[in-house]
Amino acid sequence: MSSAPPSGPGPHQPPSGGTPETGPASADTVRPPPTEAGPGGVPYPFTEVQASGEFAELRHAHRSFAFPLTVAFIAWYLAYVLLSSYAGGFMALKILGHVNVALVLGLAQFLTTFLIAWWYSRHAAARLDPRAEAIKTRLEGDA
Amino acid sequence: MNLTQQPLALQLAAGGAGEHRTLIVSLFAVFVAATLGITVWAGRQTRSAEDFYAGGRQFSGFQNGLAISGDYMSAASFLGIAGAIALSGYDGFLYSIGFLVAWLVALLLVAEPLRNSGRYTMGDVLAYRMRQRPVRTAAGASTIVVSIFYLLAQMAGAGALVTLLLGITSETGKILVVVLVGIVMILYVSIGGMKGTTWVQMVKAVLLIAGTLLITFLVLLKFHFNISSLLGAAAENSGKGAAFLEPGLKYGVSATSKIDFISLGIALVLGTAGLPHILIRFYTVPTAKAARKSVNWAIGIIGVFYLMTIALGFGAAALIKPGAITASNKAGNTAAPLLAQQIGGGPDSTGGAILLAVISAVAFATILAVVAGLTLASSSSFAHDLYVNVIRKGRATEKEEVGAARWATVGIGAVAIVLGVFARGLNVAGLVALAFAVAASANLPTLLYSLFWKRFTTQGALWSIYGGLASSVVLVLFSPVVSGAGTSMFPGVDFHFFPLENPGLISIPLGFLLGWLGSRLSKEEPDVKKYAELEVRSLTGTGAH
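So the protein lines, in turn, are chains P and W.
The numbering of the first sequence is the numbering used here, which starts it at 117 and goes up by one.
The numbering of the second sequence is the numbering used here, which starts it at 833 and goes up by one.
Keep in mind the hints are simulated off the structure, nothing from the lab.
C-beta: ideal position from N, C-alpha, C; glycine also.
Do not rely on the hints blindly, as some may be mistaken.
[As the list claims (entries may be wrong)] Far from chain P by the CB rule (all over 12 Å, computed), these chain W residues: (1) SER880; (2) PHE1146; (3) PRO1179.
[To be verified] Simulated coverage check for chain W against chain P, where a stretch passes if three residues somewhere in it have a Cβ under 8 Å from a Cβ of chain P: (4) 965 to 975; (5) 1077 to 1090; (6) 1131 to 1140; (7) 1307 to 1320; (8) 1365 to 1373.
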């Protein structure tokens, strides 16, 4: 045999017999299982993943949905609280029998809560889960 | 709670009094026996730290959704809200809305990233990219403070409830009840860990929903499923007319009370996602997707439950003799049991006695399950954050850690019993509001900054936790909740200078501000590598435990 004996678990073993499935830039894109790579470890995949376009898309898909929606439902809830405190006359208007605006708006808070929960879950299933899954698979795939 | 309340048993017709007491006690004994059985069974399967803290992460989204509902629907929401609506009409209903809407914060911003990046406690996420020991100490402190306030409220409530429903008026009797509740709770948690506690929550949630459905159905049946005529009857019987159905009866009295209401509203809506006993529930499921599913189930179950509080509260206002509710308990806490008795056929009937017993037993089960969840949250944080990671610097074996958690349960349970004995006379609502305010001021800002803000630092985390914690506790200390008003804990003295009962309006923005300021002014650079790791993990679930 002419090949040299393996020289220990060096991080950059030449891919002698491996299949080059990941292409030429594979040297540091997929590296160790992410769990114990402390700040001192050289191959640090998270910084790269964080900077990747794919992750930016995932982050954007979450933030651009969740943040404005959070602001919106808190504003809607506060509007309701403020109306209850300072717009008694309006809230007391009767709509049907003894059912007044205050009660209807209160029930509307329930309804919007259910709807937002359903809407977010649909968004997450369509836009977040597949992206998250893809990145996770790639990061853990090497393990 | 007011100490001069007449025991409810005395209000009830003599005929049913003895029977219903025996029935309540036996139903409750069945519940305790069954749940202790479950606990022992769960305890046999609890060995690793993951079993004890997170129930082995084996629960499904639906199961955990039920358990979350069980943890969340405390005696304060069941008895308290029904009573608040029965007495203050529409203003009582406002609690229900805040408690429910709050879940969207948990769903959209907290549940999934927390599940992805933490292991057992809230402190895991907060300390992820910070200096471990100071941040874990702070996280442990605020977890334990929030849980203890919440726990005290439940213990004080248990004492009051027993007094009212069983006619136990002697002080020794009340102390005995608090001690018994404490011992059962310690058994649940120390033996069954998270697995046992989760099953107890599920059983309790099913009982509570079933009981509430039954009463709601009977109330609506009485009014031929016409909401308007139920409301009309409530308004008329309350003696307050249309005003009973409009905002303002309780919180519209003065300019201060209106602001107080806004403060309360903010604390309710932002507090839930910072309650440690709710946060640790997200670790009991295998994935972030399951965590999302469990919040969705919880929103559905809790939402339906709070909708039913309308029927419960207005039903009590419509059907119970005016004055009878306040005569039995000034805060209205017995409105739901009284309604059950009334709807079952009245004080003299067997049906009334049975329904009263069922609802009372459900109320006890509720208290017991909630205190178990709270004890688990604080003992987990004590063992995992403080003992293992601060005192032992992460060098404890898993066996030692589980042992520490079990002993912490016994210790915290004992503290809760002692405090509960002293808290018998305290105002329950104030304690719960305080727990929510601390959670929203100290925990939520730190959680959100940790997860979403790149430049957050250790100093920012510490300022935010300690600042939010201290400001809310100090403001309550100098508020009318503690002194200076007829309803205060110490009505005889007056050292209050803060006009609001709820500190949220000040302390929550302060918590957020301090977190930002502390980070900006800190000398250390934020750890960008660790943040990269946290962000990637929290959004993708890579390497999740």
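Going down the list of hints, with the structure as the test:
1. Every CB of chain P is more than 12 Å from the CB of W:SER880 (nearest about 17 Å), matching its label as outside the interface.
2. For W:PHE1146, the requirement that its beta carbon stay farther than 12 Å from each beta carbon of chain P is not met, with the minimum near 10 Å.
3. The beta carbon of W:PRO1179 is kept farther than 12 Å from every beta carbon of chain P, the shortest such distance being approximately 28 Å.
4. Against chain P, the region 965 to 975 of chain W contributes 0 residues with a C-beta closer than 8 Å to a partner C-beta. That does not satisfy the three-residue criterion, and the hint is violated.
5. Here the region 1077 to 1090 of chain W counts 7 residues with a CB under 8 Å from a CB of chain P, which clears the bar of 3, and the coverage holds.
6. Residues of the region 1131 to 1140 of chain W lying with their CB closer than 8 Å to a CB of chain P number 5, which satisfies the three-residue condition for coverage.
7. With 0 residues bearing a CB less than 8 Å from a CB of chain P, the region 1307 to 1320 of chain W misses the requirement of three and the coverage assertion fails.
8. With a threshold of 8 Å between beta carbons, the proposed coverage of the region 1365 to 1373 of chain W by chain P holds, since 7 of its residues qualify and at least three are required.
When each numbered hint is compared with the structure, violations occur for hints 2, 4 and 7.
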